[in-house]
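On the provided structure of chain A, position chain B as indicated by the hints.
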Amino acid sequence: MACRIPVGRADGVSPLQGRRTATSPVAVRVLLYLAFTGIAAAVSLTGAYGHDIPSDITVRAFVKPEGQRLRMLVRVPLEAMLDVTFPLSGPGYLDLARADESLNNAAMLWIGQEVSIYENGSRLSLPELAAVRASLPSDPSFRTYESALASTLGPPLPEGTQVYWQQVMLDVLFEYRITSDRSEFSILPGLERLGMRVSTVLRFLPAAGGERIYQFTGNPGRIMLDPRWHQAAFRFVWQGFTHILDGMDHLLFLLCLVIPFQRLRVLVILVTAFTIAHSITLISATLGLTPAALWFVPLVETVIAASIVYMALENIVAPGLRRRWMAVFGFGLVHGFGFASALRDMLPFGGTHLLTSLLAFNVGVELGQLLVILVCVPILRVLYRYIPGEGTGRARPVGAIILSVLVGHTAWHWLVERGGTLWEFDVMSTSPDGALYGVAGLLALMLVIAALAGWALTRPGRPLE
Amino acid sequence: MKWLIGTTVVALFLTLTVACANMEVAEQTDEVAEETASDAVMAPVFEVDPMWPKPLPNHWILGSAIGVTVDSNDNIWIIHRGNGNPNTELGAAQDPPVAECCIPAPPVLQFSPEGDLLNHWGGPGEGYDWPGSNHGITVDPMGNLWIGGNGGDDAHILVFAQDGTFLKQFGSPGARRAESFDEADPSWSGNSMDPGNFGRVAKISFDASANEAYVADGYLNKRVAVLDIETGTLKRYWGAYGNEPDDADIGRYDPEAPPAQQFRNPVHAADPSNDGLVYVCDRPNNRIQVFRTDGTFVQEKVLSVNTLGAGSTWDVAFSKDSEQKYVYVADGQNMKVYVLLRETMEVLTTFGAGGRQPGQFFGTHSIATDSKGNIYTTETYEGKRVQKFTYMGEGPVEQKDQGVIWPAASR
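Note that the protein sequences, when read in sequence, are chains A and B. Here the numbering used here is used: the first residue of the first sequence is 1, the next is one more, and so on. Here the numbering used here is used: the first residue of the second sequence is 1001, the next is one more, and so on.
Okay, chain A solo, but in the shape it has when bound (with noise of 0.2 Å):
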């Protein structure tokens, strides 16, 4: 059992709270400055010294159209409110008692004055400020909608709350006037200012139901919250486009089926079979068809290091054309899984229209395996012209073998060191579902690619273009 403390005796005990003084020594400060003028660029400083621009800021906010009205609520900290004068006691604590001005002007300046929401591609005018609350940086109200609204318009911290200005969480609610729920939104969050890093998590709960989550950094430009399908469209044909750019290993597959045939028809031929089947499983993975077993991702990295190995080897061993598509359609399959994880976060911004956003970003994907195709072919031409050793007639360029092995060279140690990962899950050997899922799946992916890349690998193919 506690022992409770008589009152009339813990009243009695004087904490030293207040007794001392509460300001850091000027000296220490001065030196730690100029300690900190001596650290790296990528050391950043953050508010230590006076109003500074913070480095890492996260804003939580909500956007929800209600009958002819649309509420925002936004949850910001205080201490990225620059420029605006917070009322203070003691040793930095944000005076409750006298902040609502300060906090309201805060609210409007930095927040209601820069996003821009529009209404079938209309800009709304300003917002009413409808709530303005301070709330405690271990707040967990901004986890849901409901619970941030009821937070903002509930009673706000009691006045002799203790709670230093930096740490402040400003909690914000503004309403727009609307015509209509049902309308087209778009936002244009205007935030990137507030630091130097500035990341966003949005929500948007749309009158028909539902939420859709954008995680973005610093601007992302206009988001349309309800896209057309056109406008959804063309977010992902762009996205699919920059993310088969950036993937090493998609590229160095793209490569193994551009090294020994050069012929554009051919290659066009093939790359489309990729996007097919990539399609196919990318909508699976998106339609949460999947295993969400931790040794899935791994599995789907580990076979597609192995598609590069086999593609490579096939390269230098016996490269046939015929049934080549069928090959790269199985590993297409698998391919997909792995642009599945990519595209996940960014499914929201194709709004309502999931299966366009799907099918745009397999035609952004296609857009950027035949840009990689235009620009690899004539290289490579030039370069099997002058390494010596250029085949003529049925034989192979040396160029075409030296480059597959390099690309294999490359994809062989991926295979390795994915393989190793994979091995860890222990798929084999898990509980009776992982078990199943696991050697199942495995093997799936094992016979049907070993399936088409024997066919392809046994039949007569056609000679080096």
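Hints are not guaranteed to be accurate.
Not the full set, but computed from the structure, chain A residues with beta-carbon under 7 Å of chain B [stated by the list, open to error]:
hint, residue
1, Pro87
2, Pro91
3, Pro137
4, Val163
5, Tyr164
6, Thr410
Chain A residues, not near chain B, derived (Cβ > 12 Å throughout) [what the hints assert, rightly or not]:
hint, residue
7, Gly67
8, Val84
9, Gly210
10, Gly218
11, Leu251
12, Ala273
13, Trp295
14, Leu367
15, Val372
Simulated from the structure, these hints should not be mistaken for laboratory data. The structure displayed is predicted, hence computed values, not measured ones. Virtual Cβ for every residue (Gly too), placed ideally from N, Cα, C.
Frame of chain A, contents of chain B only:
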């Protein structure tokens, strides 16, 4: 027929490739495993991040790292004692400097989730009494940082804002001096009944819903003390099993003896869970005692019962799921971390092993978790570092003692 042969060849190739890649790993794993359970259990899976944090600037070096906490933005704060390092480590800090390196880093360091040093401060200053031996750092619901101390005269707690501004001090240094205190032969005595001062505080934790601070008090006193966060007013306190604390010396821990009815020094951590329980590290007694927030004893869990010396239960942290399903316990004597299922307090697995390489421990002192489930640890003695263990998700774990959880990709 040909394609069938081709299929078989390719399938064999793929299978052999994976098998070869894993053969070496499997051998290494077998060597490391000391105990292997017959059945896997579902448990959180971690791997050490050898690249975290990034190197400190200015030839700064850490000393014994005796506190770690994570704030609401997932920034990591540690406290350490760089000035306690031997001169062989502080060549640049001597007068005159004898080498280009090293200089003790400021006591309090803030790191970003990516491992960048963001801020630093601490040490003696005007208006407060920096502990003789700072100990423990924890962020409160207001975002402030609370620091205890286990130096001779330390009988107080300090509170700072995140920018290093001093805010509050509770208790007075020197309050635990014995009546016959002699500077030439100093002595101190515990007083776990003192409502205004403490006895070498190890760590302070918080219950935001009740606006209360739980003080592991400590290295001289033998109690859990509960304070009002804002005023520091002592609200209640208790000893082992909820008994009234008694500061009498009960001798060394003996695993064969009946359970001690009092805490042994140090009482090293007292962390409230989000369902109204408090987990107390009774370190030399090798046990976690669980209480209700009013001090009513609920249960205890003994870990590595035969551990002598500094004991096995140094610090606790909870998994970040809403139910706080798992408890992580740092053990600086056996150099590892226990993973317990909180509902049953069953040890599911442990990780870590003695040593100074990534994933090993030397004096696993403090432990904390971030919102993503990652674990951070600091090490005292000659460990002198902070480590990150990345949360990989929940999965089957076969080994009761995993040893070093090296990154899977690099094994």
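Tyr164(A) was flagged as interface toward chain B. Is the shortest Cβ-Cβ separation under 7 Å? holds (4 Å)
Mind verifying the non-interface call on Val84(A)? Its CB should be farther than 12 Å from each CB in chain B. holds (18 Å)
Taking the closest Cβ pair, is Pro87(A) under 7 Å from chain B? Not OK, violated: Pro87(A) not within 7 Å of chain B, min 17 Å.
12 Å Cβ clearance of Gly210(A) from chain B: holds (22 Å)
Verify this label for me: Ala273(A) is non-interface relative to chain B, using a Cβ-Cβ cutoff of 12 Å. holds (18 Å)
12 Å cut-off, C-beta based - Trp295(A) kept clear of every residue in chain B: violated (8 Å)
Does the interface hint hold: is Pro91(A) within less than 7 Å of chain B, judged Cβ to Cβ? holds (5 Å)
Grab the minimum beta-carbon distance between Gly218(A) and chain B and tell me whether it stays above 12 Å. holds (16 Å)
Should the interface hint for Val163(A) be scored as holding, given a Cβ-Cβ cut-off of 7 Å against chain B? holds (5 Å)
When the nearest CB of chain B is found for Pro137(A), is that gap smaller than 7 Å? holds (4 Å)
Is the Cβ of Val372(A) more than 12 Å away from each Cβ in chain B? Nearest chain B Cβ is 26 Å from Val372(A), so the label holds.
Would Gly67(A) pass as off the interface with chain B, using Cβ distances and a cut of 12 Å? holds (33 Å)
Of the numbered hints stated above, those contradicted by the structure are hints 1, 6, 13, listed in ascending order.
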